[in-house]
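Chemist: Generate the whole structure from the sequences, applying the supplied hints.
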Amino acid sequence: MARKRHPQSPSSAASESAGEERREEHAQERFGPLAVERHVKDDGRALILYAHAERERA
Amino acid sequence: MSELRFNELRGEQVDYAIHRQERTFLPSREHCPLDPTRPGGPPTEIPFPSFEIAVFENRFPAFEAPHGAAEVVVYTDSHEGSFATLPEQRAEDLMWVWRNRYLELGAREDIDYVFIFENRGVEVGVTLHHPHGQIYGYPFMPPVPALELAADERLGGCAPCALMAAELQDGRRLVHENAAVVAYIPFAARWAYEVHLVMREHRPSLLDCEPQELRLLASGLQELVRGYDSLFRRPFPYVMAVHQAPTATSQSSGADARAPLAAPPRRGGGHLHVEFYPPLRTADKLKYLAGSEQGAGTFISDTLPEESAVTLREAIARAS
Chain P
27 MARKRHPQSP SSAASESAGE ERREEHAQER FGPLAVERHV KDDGRALILY
77 AHAERERA
Chain C
20 MSELRFNELR GEQVDYAIHR QERTFLPSRE HCPLDPTRPG GPPTEIPFPS
70 FEIAVFENRF PAFEAPHGAA EVVVYTDSHE GSFATLPEQR AEDLMWVWRN
120 RYLELGARED IDYVFIFENR GVEVGVTLHH PHGQIYGYPF MPPVPALELA
170 ADERLGGCAP CALMAAELQD GRRLVHENAA VVAYIPFAAR WAYEVHLVMR
220 EHRPSLLDCE PQELRLLASG LQELVRGYDS LFRRPFPYVM AVHQAPTATS
270 QSSGADARAP LAAPPRRGGG HLHVEFYPPL RTADKLKYLA GSEQGAGTFI
320 SDTLPEESAV TLREAIARAS
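Those protein sequence lines, which keep their order, are chains P and C. Its first residue numbered 27, the first sequence is counted upward by one per residue in the numbering used here. Its first residue numbered 20, the second sequence is counted upward by one per residue in the numbering used here.
Please keep in mind that the hints were generated in silico from the structure rather than gathered at the bench. Just so you know, even glycine gets a beta-carbon here, dropped at the ideal spot from N, CA and C.
Here's a subset of chain C near chain P, in silico, CB distances under 10 Å, partners left out: (1) I72; (2) L122; (3) L233.
Distance ranges between label pairs, derived from CB positions: (4) P:Q54 with C:Q153: 24 to 32 Å; (5) P:Q54 with C:E107: 22 to 30 Å; (6) P:D69 with C:E31: 28 to 36 Å; (7) C:A198 with P:Q54: 30 to 38 Å; (8) C:I319 with P:Q54: 54 to 62 Å.
Modeler: In structure tokens, the structure reads:
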């Protein structure tokens, strides 16, 4: 039987950063045509940014 | 932290999230929390100067871990516009974001049903005008999708499949079609311009769709909403509800076992479709839920679905 995961913050998320350099560090994950960046906000909430991957690579 | 209480008389859960009383309410244009954080500007929920699509945990959640989830999905960093005015590629990307959230939230132990929705317009209680939707991860099976599963039982198979086939055969209530979706005002619609946009093929969830189907789903939704806006030549308020297969495991809710992460749910019920509940019955008249609807649970409609479908079809054609 398949087991579901317990809730958790995004595993790849690091502490929040407002810089573009930080964004590039996160731009490794892909989902379909999207590049996925995972962050954690100052108050601990998850923030995920999605961008069309072709545009991300350009 | 919210609290669930079971209403014995109605047999339903009520969620008490009293912290939401303090949530941001119709802020001024320059203080929109869903805008990007621009240099020299006020901080927002998204601390970057630009973005395409952003998802974050709601600051004022109706549900939160370990008893569910509440997320905000921001469609664009532009404050103006709507789902209908998104570029085609962005709308298609949004379908992939929905799919990603369905996959990740549905895999959680504490979530039995992933509900993607959008409230549009102050008429349905919108508190922020920036184009966005929401996702609730319910820690129980909510009653409306449960009723759809009950309809499967009653009809002896997939109810949306059977109803779509009947609508295609009848034809009078169809408002839009493409190769992947069929949109119609249901035979027994509650709202004057209620529309169900249904996947032609039996797709329990977004995870079961081919990429081409996601593209056509986005296209069909945009065509419909543009038609809505054209209908009375004004932004058309609505509630948009994405119905899919439950993600509950047999352990958590008595449903069938769920497939491993990254594979579609394999339970019996569910057929991906999007329901729209617009409160307008004319350009300036709202349908209210009053005595019969609230006290007896019976909708009284002032319009016939067949007649509404004619005008909505024309509006969609006009807008495309």
